[in-house]
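A.B. asks: We have chain Z; now place chain W onto it with these hints.
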Amino acid sequence: MSNYYQPEIECASREQIKAWQDERLVETVNHVYQNVPYYRQKMEEKKLTPADIQSTDDLYKLPFLTKSDLRDAYPYGLLAVPLEDAVRIQSTSGTTGKRVVAFYTQADIDLWEDCCARAIVAAGGSKQDVVQVAYGYGLFTGGPGLNGGSHKVGCLTLPMSSGNTQRQIQFIQDLHATILCCTPSYAAFIGETFAEMGVKPEEISLKAGIFGAEAWSEEMRRDIEKKLGIRAYDIYGLTEISGPGVSFECEAQTGMHVNEDHFIAEIINPETGEVLPEGEKGELVFTSITKKAFPLLRYRTRDICVLNREPCPCGRTHVKMSKPMGRSDDMMIIRGVNVFPSQIETVLLNHGYPANYQIVVDRVKNTDTLDVQVEMTQEMFDDTVKGISAREKELVEGLKAMLGLSAKVHLVSPKTITRSEGKAVRVIDKRKI
Amino acid sequence: MAEWVLRMVIKQLSVFVENQPGRLAEISEVLRQKEINIRALSIADTTNFGILRMIVNHPARAESALREQGFTVSQTDVIAVGVTDEPGGLVVALKALADAHITVEYMYAFVSKAEKTAYVVLRVEDNAVAEQVLREHGVPILSGEEIY
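Residue numbers (our numbering), protein chains in the order written: chain Z, 13 to 445; chain W, 16 to 163.
Only chain Z is shown next, with the shape it has when bound in the complex (with noise of 0.2 angstroms):
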């Protein structure tokens, strides 16, 4: 049996969804062309006045804001209200550059955390739980937006910020957590932790887990639901859509529901910018239609996946976006083939190995080399050359199978790639091109 925390709305019906979306879009477009010159400059460069914008179906003529523009406008410039209605600012970790920083009316808030608490209930929580959230807090959106969620559901909920995994473990067992909120490395770097302690995933008292903010694999899900013996639930978001919770896994687990009540999701060709039918692989874009601090119209993810609209087993009725399968701009181009890191993660995870892995893209002598570096595990080591080596070979074959190109395998002492407390470093590209 399904729990919903606002169920009018996650289970609304399609034409329902549709007329708040064209409301609230032709409402927000107004918005920002009063109160936004970077906005009003961006539509009369493409003649567009709010005019032009009935309907979600006129959203295909706006242009598209990408992470760029919003460097442009550092720091106040896509400001959509005065400085007195707006409370907050979070801002994104800077993994690919300057930073960016997005504003928040207390309405903005109360709707993230809404969504984060969408989130949380789809995870299976209530008041009765006890969330942990080891998500960063601070700028970073990850610790406010889950912590708000939680609020919200009414759960008790222990702010920990990440880091400091002995505390982390401790507060699991003293307090018995049931919900942990986290990144899905750091989750299994707990996992491991505990796996290590002695202590058997039935004697740790959690029982899900609402992992996001970096990319994860099917095999790593499986992997942490066993060491932590709980389910392992996806989330979705991005700080300059709002943080977490713009999109968050049910019980289905086929896929993340986006909240389409605050923000519109499409999919477009990366290279043409042209929208996609339903159904196919491309560039997520979302346009936020509730916000009012930080509204943003088409703003260009980077992240790949595919949408679906087929009725979900749970009951609810908005679109499912697929677990991002890489970033049109993480990926990596090596001989000439796009290479997602995450497409390794999976080989290594099918064939034993733990999902912490390193990659070192270099060019030697004009042709780029790919060494994937992953430890050795006490269980897929053996005492003589012939047995490391067939396995060594069997991991070279499962990624020429899967990436299409040869790469290296190196193996390593346990441990000694670093774990990450935030978001893990996976590939290091020493090319200089």
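Don't read these hints as lab results, they were simulated from the structure.
What you are looking at is a predicted structure, and each value in this text was computed from that prediction instead of being measured.
No false leads were slipped in.
No more than 25 angstroms apart at the CA atoms, straight line, and that leaves these computed lysine-lysine pairs for DSS-like:
| id | chain 1 | residue 1 | chain 2 | residue 2 |
| --- | --- | --- | --- | --- |
| 1 | Z | Lys-442 | Z | Lys-412 |
| 2 | Z | Lys-73 | Z | Lys-59 |
| 3 | Z | Lys-58 | Z | Lys-304 |
| 4 | Z | Lys-427 | W | Lys-49 |
| 5 | Z | Lys-335 | Z | Lys-412 |
| 6 | Z | Lys-139 | Z | Lys-219 |
| 7 | Z | Lys-442 | Z | Lys-427 |
| 8 | Z | Lys-398 | W | Lys-26 |
| 9 | W | Lys-110 | Z | Lys-398 |
Only some residues are given here: those of chain W computed to face chain Z with a beta carbon under 10 angstroms:
| id | residue |
| --- | --- |
| 10 | Asp-60 |
| 11 | Gly-65 |
| 12 | Ile-66 |
| 13 | Arg-68 |
| 14 | Val-88 |
To list a few chain W residues with every Cβ distance to chain Z over 12 angstroms, as calculated:
| id | residue |
| --- | --- |
| 15 | Arg-47 |
| 16 | Ala-75 |
| 17 | Gly-104 |
| 18 | Asp-114 |
| 19 | Glu-130 |
| 20 | Lys-131 |
| 21 | Tyr-163 |
Even glycine gets a Cβ: it sits at the ideal position worked out from N, Cα and C.
C.D. replies: Same frame as chain Z, but now just chain W:
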């Protein structure tokens, strides 16, 4: 009978060693701190990694000490035989195995404290079969107590 056969198997420690300066020194330091004596060792190396194989006086203690320090370690059953420390000493043992079509995965030797005797550590697919063949040819097989 079964117990007696089991006693003949020697525990070898096998350790994964990434090709990085200082890894072997780290391993020997861990063993020194636990006052574990290395009776024999050999290393197999490839361009990326090595496998260190050791006969030590306290295999279980050494294994847990190394694991605590994050090393990948396993115990491998091997056979140790005694041969005379003179030309041709090894021939009897190896020929017996070859005639029985038993492949030696790897081997290494060390000289014993006893006069004119060398010990050879053999890693084969099936220890029981190899032991029987060797015994039939009068090759002395050593127990743990004799080696450690």
